[in-house]
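*Asks:* These protein sequences, in sequence, are chains F and D. When the letters of the first sequence are read in order and numbered with my numbering, they come out as residues 13 to 262. When the letters of the second sequence are read in order and numbered with my numbering, they come out as residues 48 to 350.
To be clear, the hints were calculated from the coordinates, so they are not data collected in a lab. Fair warning: this is a prediction, and the values are worked out from it, not measured in the lab.
Across the chosen pairs, the derived CB separations fall in these ranges:
| # | chain 1 | residue 1 | chain 2 | residue 2 | range |
| --- | --- | --- | --- | --- | --- |
| 1 | F | 71 | D | 66 | 49 to 57 angstroms |
| 2 | F | 207 | D | 335 | 52 to 60 angstroms |
| 3 | F | 127 | D | 345 | 29 to 37 angstroms |
| 4 | D | 82 | F | 137 | 57 to 65 angstroms |
| 5 | D | 135 | F | 195 | 57 to 65 angstroms |
| 6 | F | 41 | D | 218 | 38 to 46 angstroms |
| 7 | F | 84 | D | 294 | 55 to 63 angstroms |
| 8 | F | 258 | D | 222 | 34 to 42 angstroms |
| 9 | D | 236 | F | 137 | 26 to 34 angstroms |
| 10 | F | 93 | D | 342 | 37 to 45 angstroms |
| 11 | D | 169 | F | 195 | 53 to 61 angstroms |
| 12 | F | 87 | D | 342 | 48 to 56 angstroms |
| 13 | D | 127 | F | 70 | 43 to 51 angstroms |
| 14 | F | 71 | D | 289 | 52 to 60 angstroms |
Negatives, chain F to chain D, calculated, CB over 10 angstroms:
| # | residue |
| --- | --- |
| 15 | 13 |
| 16 | 14 |
| 17 | 33 |
| 18 | 40 |
| 19 | 73 |
| 20 | 83 |
| 21 | 129 |
| 22 | 140 |
| 23 | 147 |
| 24 | 190 |
| 25 | 239 |
| 26 | 248 |
Every residue gets a Cβ at the ideal spot worked out from N, C-alpha and C, and that includes glycine.
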Amino acid sequence: MTPHIEFRNLSVFYGGKRALDRISLSVRRNTILGIVGPANSGKTTLLKTINRTIEFISGAKVEGDVFVDGEEVRAVESVYALRRRIGMVFPLPVGLPMSVYDNVAYAPRRMGIHGRAELDVIVEQCLRDSVLWDEVKDRLDLLGTRLSGGQQQRLTLARALSLSPEILCLDEFSIAIDPVTTMKIEEVLMRLRERMTIVLVTNLTQQARRMADHVAFINASELVEWGETGQMFSAPVREITGRYLNGEFG
Amino acid sequence: MREMSNPFAPTAYERRKARTARVMEYVFLAMGIALIIPMLLIIGVIVVKGWPALSWEYLTANPMRGGAVGGIWGPLIGTFYLTVLCLLIVAPVGILAGIYLNEYAPDNRLTRAIMIAVTSLAGVPSIVHALFGLGAFVAAMHLNKSLLVAAATLAVMTLPVMITSTREALAAVPRNFREACWNLGATRWQTIRTIVLPNSISGILTGVILVVARAAGETAPIMLTGAVASMWVEDEGWAKFTPYRLDEQFMAMAMHLNSIARDVPGMPESMKFGSALVLLLLILTINSAAVALRLYLRRRKRW
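With the sequences and hints as input, model every part of the structure.
*Replies:* This is the structure in structure tokens:
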């Protein structure tokens, strides 16, 4: 079976500086891949190569290949269609300067969906999936930028889900969220796995342990090792992996 | 008697610093006042001396005998058309160029060269722009000195202001917003139309209004490219509102003022100051409109 996402010998350079060094890694359909590693080791860069938003960083150069569904991302017919298939949530929450409702309806509207009833369904479903519905259902016309940081982060998640993406990439999604809400979102993600493949970049090794089917450990631009979550935590091949996953450095 | 030691008493060093701080405060205050005084004096003199001349008759009558008799209707409406025409040329070009430079242009040498050129153009004296307009439109393109040529010259002069203010307004929209949209598969133009422009419109409009104020007040560029000190214009019926043709010469407030202040013999003092006052009020009104619009739009701003 073709892996849903596959990185083959992927390297990324910013100017002359190497940010990712020959990463080869694949993610099976409907699984969760946890990517862990110290700050500044290239995890976010890896996510940005999947939907090609890396191209917005001036001076970034990509070598090697990224395949989504067996198709090289730079060979796809429409980069916008590619991005719509991939939901992205980055660590700093961004409420767009429009109402909560319009935030979630933004992407569907750009796709030409304008029917109020249809949008209502999408907005409610996405806000429920991101555990924000109960807090905002009575004030959907509130500005997205007026929500608290944690709420905006869940709004970002709702927006990422609004086109029912087949791949969901989360970069430190729980940084701005309290532990209770984090647990709720984790439950939702476990359910969403039935519908989509999830790539979860996290600083919390325990979060990766709870959720991921596979874990990849990236350190200093290199993929140190990757494998089944249980194996990675109990019997890592490399000593440094064990030390990182057990919180002894990082 | 032994002095009680007070832990909060300032040390000699702190007292010295406090004294310096006080002195500096007065220096800054004095500079601020020095800035305001000349402006207040100028406005004061113009208002006091020009006020008696102002009347409905003065505003709506056409100037006669070079402006020594009658009013300022012709120049006033000339300035109106001149400004509108200038804006029709400069706003689309300037705003679109600003959008290109901020949203599309790659960060390379060409872009930086364009930006340096734009900034330098903004610093070129208006008489140089006037000569450019004369050379390009009249000498090279064989157009008449006219309302259109003068407006085009003003447009060239104000273009850098329009581009720079548009670009600054766009740059003030956080990059996060754009990235969020790109991640959702929105194209650059969709992102600009739905997020960037709605949140920078107040800044862009401020640029537009600055352009209006500048176009209405400049003398040199129009003096060489189509404005005349005085001419006969239609004074009856609807034609009074459309006295000029695009390809003919015209009157404008700045030019009118320039001429009656020096060249017209037997010019009553109050009418000179009256014209100055009208021009001043015109530009003050436009500027206050800019401030009001900006405040209104900023209150609606959403982050």
